[in-house]
Amino acid sequence: MNTQDIKTLNKIKSRFDAALENVDLPADLRAEKLCADKKKPLRLKARVKKSVVMSLAAVIALCVALGVVMHSSGSFFIVPLLPIEETTTAPYTTNGDEYPANFAIDPTTDTTKKSTTNTTATTDTVAPQAILADELMTKFKSRGELTALFQWFSGGASSTSERWHQLREQYGGVFNGKYRPVTHSWGVYAYTTLDETQTVLASEAPGDMVQNAPPDAPASPAPTSPAPAASAPADETRGEVGTTNNQVAGVDEIDYFKNSGKTLFISHTKFSSTRSTLQIRRFALGNNGKMTEITPVTVAVNEDGGKFSEAVVGLFLHDNKLIVVTEGSEHSSYRSSYHITGQRTTIRVYSDMDGAKPKLLHTSSQDGRHLSSRLYNGRVIVATNSWVGFSVDENDEIRPWKLIPEISIDGGKNRALPLDRIYCCVVAPEPSYLVVSTLDLNKKTLSPEHCAVLGAGETLYSTGDTTYIARSVYDYQENDTEDSTTNTEIYRFAVDGTPRFTGSGKVAGHTLSQFSMDEFQGKLRIATTLDERWNYNRSPAQRITKRSNSVYVLNENLQVMGKAENIAPTEEIKSVRFMGNTGYMVTFMQTDPLFVLDLSNPAKPEVTGELKIPGFSTYLHPIADGWLIGVGYPGNAWGETQGVKISLFDVRNPKKPKEADVVEFKGNYGETEYFSDATSDHKAFFSHPDMVGIVLQSRKYTREFVEDYTTNKPEINAVPPMTAIYNHKTTVKLSLRTYGVKNGKLVKKGVFDGDSAADYNGFGDRATYVGDKLYALMNNSIYCFDFDGTRLGAIKL
Amino acid sequence: MSASKDASFAALYERHQKKLYAYACVVLRSDALAQDAVQDAVLSAWQNLDSLRSVERFEGWIFKILANCCRAIAKKERRVCLLEGENIPDRGSDTLALSQELRDALEHLAQDEREIILLCVLTGIGGKEAANALGIKHSTLRSKRTRTLAKLREMLE
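As they're listed, the protein sequences go chains L and G.
When the letters of the first sequence are read in order and numbered with the numbering used here, they come out as residues 3 to 799.
When the letters of the second sequence are read in order and numbered with the numbering used here, they come out as residues 8 to 164.
In case anyone wonders, no lab produced these hints; they're calculated from the structure.
Each residue gets a CB set at the ideal place from its N, CA and C atoms; glycine is no exception.
Check before you lean on any hint, since a few could be wrong.
[Said to hold, decoys possible] Okay, the calculated beta carbon distance ranges per label pair:
(1) G:E21 with L:D790: 17 to 27 Å
(2) L:D790 with G:S51: 54 to 64 Å
(3) G:R85 with L:R32: 25 to 35 Å
(4) G:I143 with L:A286: 19 to 29 Å
(5) G:K83 with L:G414: 54 to 64 Å
(6) G:A39 with L:D306: 33 to 43 Å
(7) G:R85 with L:N670: 53 to 63 Å
(8) G:R149 with L:G791: 38 to 48 Å
(9) G:S51 with L:R32: 13 to 23 Å
(10) L:N670 with G:Q118: 49 to 59 Å
(11) L:E34 with G:R60: 35 to 45 Å
[What the hints assert, rightly or not] Cut-off 25 Å, straight-line C-alpha distance, at most; resulting in silico cross-link-like pairs (BS3-like, lysine-lysine):
(12) G:K135 with L:K13
(13) L:K13 with L:K35
(14) G:K82 with L:K13
(15) G:K83 with L:K13
[As the list claims (entries may be wrong)] Under 8 Å between C-beta atoms, here's a sample of chain L residues computed to sit facing chain G:
(16) A33
(17) E34
(18) V734
Start from the sequences and build out the full structure, keeping to the hints where you can.
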């Protein structure tokens, strides 16, 4: 371009710039409108005049319109409150005249454990119930329990729309007692079961828990060596079989990757344009590392636009049976957006897991989102969180449609859980249930048993016979004279047969993970961090200064019998592990103190030793008496963390823990970075009698010069904001790295590399072994290695 | 669809919204059609957001989509007019407060010439990217640009 051209262009440009300043953008085109709707307003084009053309254009316009609507409902656009569909399943109507059958309980009569179903409530019972409901409501309101419910509602979709604000106000009304039906129906419910629970609790003698512990349980697994319990007995010739890295030996935890010794099982979803197929892919393990895929087990198919869609949570293997747990939710346009329930967890059991055609033996489902599952001695334990379901009808009236969680067995009709299986937790009534089920696979006829408690859970710890579920609650102090704090509520269930709720307790602070809890000789130890993370009256700095950590020991009645408080003020727990009479705890602020706790006197736990090192461990793995492996992040004295760190702790002297050795993968930000899922998921940690390992992900970033704007475009004055274009390239490589321990040092055992790829698709970070072969699932491929690092085979998923 | 993706798309669009509308107004010479075109373009851009390789390329990318939408609408428009047996209506757009002289000059350009000039004056994208946006060769763009600028110079003298 010559100077003359540039001048002309600049001249026109300046005129355009001036004109652009004054452009009055139509309202429909403004970003906030257009990008919020992403929907073309429907209007017939102005240019169409004559009737013949009109019809033609109308067809075009209609097509455009339909297309738009289809897109909008398909993926990104949430249709605001359509008129409610008639909920035929609603057991309850808004006017309060009718009660669902299972609410028909007269609170004045003695509520024994018998449920008086199938009777209709008479009007006589309504009045006292309503009064009670009001009382309960006031209690709830002050506790802020129910507020959480409508916060969930309003947070569930884009809260910017006016409609949501209206809804919010409506809900505010609910909790002020404006809408009686919901409140009193479940007030009644709470009342009747409250009594019941107290009866139940009273009848449970203290120390019952200990009796429930398995004195008669045959050969309870040794606490130190990871037993390959839950899997099918392996072929003798193949030697030992790796299991999921479980917290409690023998209590198998649900995972998407399992190993039977003959076959690898991986849950995998196949997507096509119209459906997604949930499959359990199976890979038969041959000699010399040969892997052959055998017919996958198709668990379910989600059709696009279908009413219900599921996702596999994980699987278990037991006695040649494959157990698949899925979580699903309803998709009817109304329910999916505004109803809290409609979520269901399903258990499927297949026979002949290694064979050519596994057969579906059993299906059962329970309401709620999956919390966690365990398998112990052939008993599958599944816990879900199920919200009380209600909706808003066209008059913005609250309409409850599912007040009691439902279960279904072998495709049968959904039925409400019998009332004598439901408990009310005296500590914290909550508009949701915690549903716990057990399914005994050793029985001839498979039939799950359920129980539920009004409440909710976050973390689950199970010894196999007893399950503890904890959740943090925020105890809000309205008068502000006392500080509001986060506390942990604990629900205990006996799951050694028919599940039973056996009590609840409460400690200060919040837990980190399932490793924060441990039962030993009938006593529960729990480690918490006490802080004010939700107290926005204080600045973040103030919130930190008030932070501290504690370990509590709870007796058989879940009452605190011993505590060690105020450990590592201002820091927070990053990992915990209890082992018999000793506890280990890592906290972090800038450096990583490892605390050793002596718990041999449950009434007086105390910190015996402390070690400060940079970085912190997020997982602690006991390897032998007095030795621990820590996986976490390296750091410097300023508290910055990046990369992956493996530490070997020498804790033989509980007064003087030592970091005996360390392996770090630090990398450089923006060039090479290292990650490992083992830092956040203990199931990604590889454990073998001779070694431990992690799947390490390395990401290399490179850039390639493409074009320089400055040389290509000198003629136009408008200088673009950037002067050159680069192609950014990422190379991702996953490799399993294993270490043994020799003479108090970490010894590298092997590096098992996967192939490089352009990206990590987030699937695959597991490793296991069968005899002398090592199998690793890394970035969507399964690899088989010799223990010396030779790759024997690979299959891309 | 994540909220952050939503928000960043909205922010990117907002940065260019006036220019996009101005482009469509001048190319299609009708406010109503321009509105349709921008709406079509944004909708289609949103649906194909995955094909945007980097945020730096957003401007070139969305103008490419808009250019195509404008062409599609112009084509449809011509067909409708032919069906009606009418001449293509003489229209104008008052959205941009341009001088009558410049307006006339732009009116006298062919559609492809108008597209090139508009991309040059409205956007900050380079020649190569502009050529890509219009689906022509870089060399074609250069020669056409020189010719069009000469024409404009003559008319605006």
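Hint-by-hint comparison with the structure:
no.: 1; hint: G:E21 with L:D790: 17 to 27 Å; result: violated (59 Å)
no.: 2; hint: L:D790 with G:S51: 54 to 64 Å; result: holds (55 Å)
no.: 3; hint: G:R85 with L:R32: 25 to 35 Å; result: holds (30 Å)
no.: 4; hint: G:I143 with L:A286: 19 to 29 Å; result: violated (57 Å)
no.: 5; hint: G:K83 with L:G414: 54 to 64 Å; result: holds (56 Å)
no.: 6; hint: G:A39 with L:D306: 33 to 43 Å; result: holds (36 Å)
no.: 7; hint: G:R85 with L:N670: 53 to 63 Å; result: holds (58 Å)
no.: 8; hint: G:R149 with L:G791: 38 to 48 Å; result: violated (57 Å)
no.: 9; hint: G:S51 with L:R32: 13 to 23 Å; result: holds (18 Å)
no.: 10; hint: L:N670 with G:Q118: 49 to 59 Å; result: holds (52 Å)
no.: 11; hint: L:E34 with G:R60: 35 to 45 Å; result: violated (26 Å)
no.: 12; hint: G:K135 with L:K13; result: holds (22 Å)
no.: 13; hint: L:K13 with L:K35; result: violated (34 Å)
no.: 14; hint: G:K82 with L:K13; result: violated (31 Å)
no.: 15; hint: G:K83 with L:K13; result: violated (34 Å)
no.: 16; hint: A33; result: holds (4 Å)
no.: 17; hint: E34; result: holds (7 Å)
no.: 18; hint: V734; result: violated (18 Å)
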